[in-house]
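**Student:** Sequence:
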Amino acid sequence: MKGAVDIFTITPFNPLWFLLMAGVAVMSWLLWLIFRKRAERVRRGLVIGICALVMVLYLLEKYWLSLDAEYLLTQSGGRFNVLDELPLHLCNVNMLIIPFALLLKRRMLLVFCCLSAPLGAFMALASPIAVFSESSILLPRNIGYYSSHSLLIVAGVSLFTLRLCRPKFRDLPLAIGIMLIMLVAAHLINTAFRLGGISSGTNYFFTYGPDGIAVLEILWRLIPIPLVYELPLLPVAVAYGLLVTTLIKILHR
1 MKGAVDIFTI TPFNPLWFLL MAGVAVMSWL LWLIFRKRAE RVRRGLVIGI
51 CALVMVLYLL EKYWLSLDAE YLLTQSGGRF NVLDELPLHL CNVNMLIIPF
101 ALLLKRRMLL VFCCLSAPLG AFMALASPIA VFSESSILLP RNIGYYSSHS
151 LLIVAGVSLF TLRLCRPKFR DLPLAIGIML IMLVAAHLIN TAFRLGGISS
201 GTNYFFTYGP DGIAVLEILW RLIPIPLVYE LPLLPVAVAY GLLVTTLIKI
251 LHR
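Quick note on the working numbering: the sequence shown kicks off at 1 and runs consecutively.
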């Protein structure tokens, strides 16, 4: 019985996690194969539909978390605060921006999402907080968490595989600028909520601490200053943007 349970236990880089990542890759490839020659409105509608599904899964996840005793133990005051659960992280904010950018054809927002959605969602899957790790993927909270972030990767990748957005090198400074603006805005929201007594644990973009995120834990030990400790990631973001843009140019020659 224990072996049967272990089959469904997910933690970063275990066999089930790699199977999930393979599923994301296969789904992205299948969508490209099926929809690559369809009209732009169909391709655009597909990605918007994926984001709509992510929104539904996100809301279900938050509902399940509000009833999850193990999760509530990790929260400030041991209670569920909806203001701490808004879609204001680098990953889930994309489920709102992508449909808006596609409908209104805002190219720079699409470039930002093309770069940040796969990155943010992959980081969330590769380094989740403890409550989403070393537990069964069949738990309601894990179903919501892993399915929504997996689909966010698919949505972000589909932006360039389905020719809805192709970042160029000249786009990168503005895309990184948008990311920095969001980082500072998230910090201001965190600060306002904390100082205003709304919530002592609000931590969008993790500006007030790493919350168990491995890479951020290292930076926090070196620079234990809210917001500032994340700034060394800026060169990494630039390098990532250059790499992705280069790969897209090579693939679409």
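No wet-lab data here; the hints were simulated from the structure. Keep in mind that this is a model prediction, so the values were computed, not measured. Glycine residues also receive a C-beta, built at the ideal position from the N, C-alpha and C atoms. Don't take each hint at face value.
Taking lysine-lysine and the DSSO-like style, the derived pairs with C-alpha atoms no more than 30 Å apart in a straight line are [claimed, not checked]:
1) 168 - 37
2) 249 - 105
3) 168 - 105
4) 62 - 249
5) 168 - 249
6) 37 - 105
Okay, the calculated beta carbon distance ranges per label pair [claimed, not checked]:
7) 83 - 228: 35 to 45 Å
8) 211 - 250: 20 to 30 Å
9) 250 - 66: 42 to 52 Å
10) 96 - 234: 33 to 43 Å
11) 104 - 234: 41 to 51 Å
12) 11 - 200: 20 to 30 Å
13) 129 - 234: 35 to 45 Å
14) 82 - 42: 51 to 61 Å
15) 77 - 6: 30 to 40 Å
16) 18 - 251: 15 to 25 Å
17) 86 - 228: 29 to 39 Å
18) 223 - 168: 26 to 36 Å
**Student:** Hint by hint, say whether it matches the structure.
**Tutor:** Hints and how they fare:
Distance check on the hinted pair: residue 168 and residue 37 sit about 23 Å apart at the alpha-carbon level, within 30 Å; holds. A hinted pair counts as satisfied when its Cα atoms are at most 30 Å apart, and residue 249 with residue 105 qualifies at roughly 21 Å. Taking the CA atoms of residue 168 and residue 105, the gap is about 16 Å. The hint holds against a cut of 30 Å. Between residue 62 and residue 249 the alpha-carbon distance is near 38 Å, which puts this suggested pair outside the 30 Å criterion.
With a C-alpha separation of about 8 Å, the suggested pair residue 168 and residue 249 falls inside the 30 Å cut-off, and the hint holds. Taking the CA atoms of residue 37 and residue 105, the gap is near 20 Å; set against the 30 Å cutoff, the hint holds. For residue 83 paired with residue 228, a C-beta distance near 24 Å fails the hint of 35 to 45 Å. Checked against the hint of 20 to 30 Å, the C-beta distance between residue 211 and residue 250 comes to roughly 36 Å, which is inconsistent with it.
Checked against the hint of 42 to 52 Å, the pair residue 250 and residue 66 passes, with Cβ atoms roughly 45 Å apart. For the pair residue 96 and residue 234, the supplied restraint of 33 to 43 Å is violated, since their beta-carbon distance comes to about 24 Å. Taking 41 to 51 Å as the suggested C-beta distance range, the pair residue 104 and residue 234 does not conform, at roughly 28 Å. Range check, residue 11 to residue 200: Cβ separation about 29 Å, and the 20 to 30 Å hint holds.
Between residue 129 and residue 234 the Cβ separation comes to about 23 Å, which falls outside the hinted range of 35 to 45 Å. A hinted range of 51 to 61 Å is violated for the C-beta pair residue 82 and residue 42, which are about 35 Å apart. A hinted range of 30 to 40 Å for the beta carbons of residue 77 and residue 6 is consistent with their spacing of about 34 Å. Checking the proposed 15 to 25 Å range against residue 18 and residue 251 shows it holds: the Cβ atoms sit about 23 Å from each other.
A C-beta distance of roughly 23 Å is found between residue 86 and residue 228, which places it outside the suggested range of 29 to 39 Å. Here the CB-CB span from residue 223 to residue 168 is close to 33 Å, well matched to the stated 26 to 36 Å.
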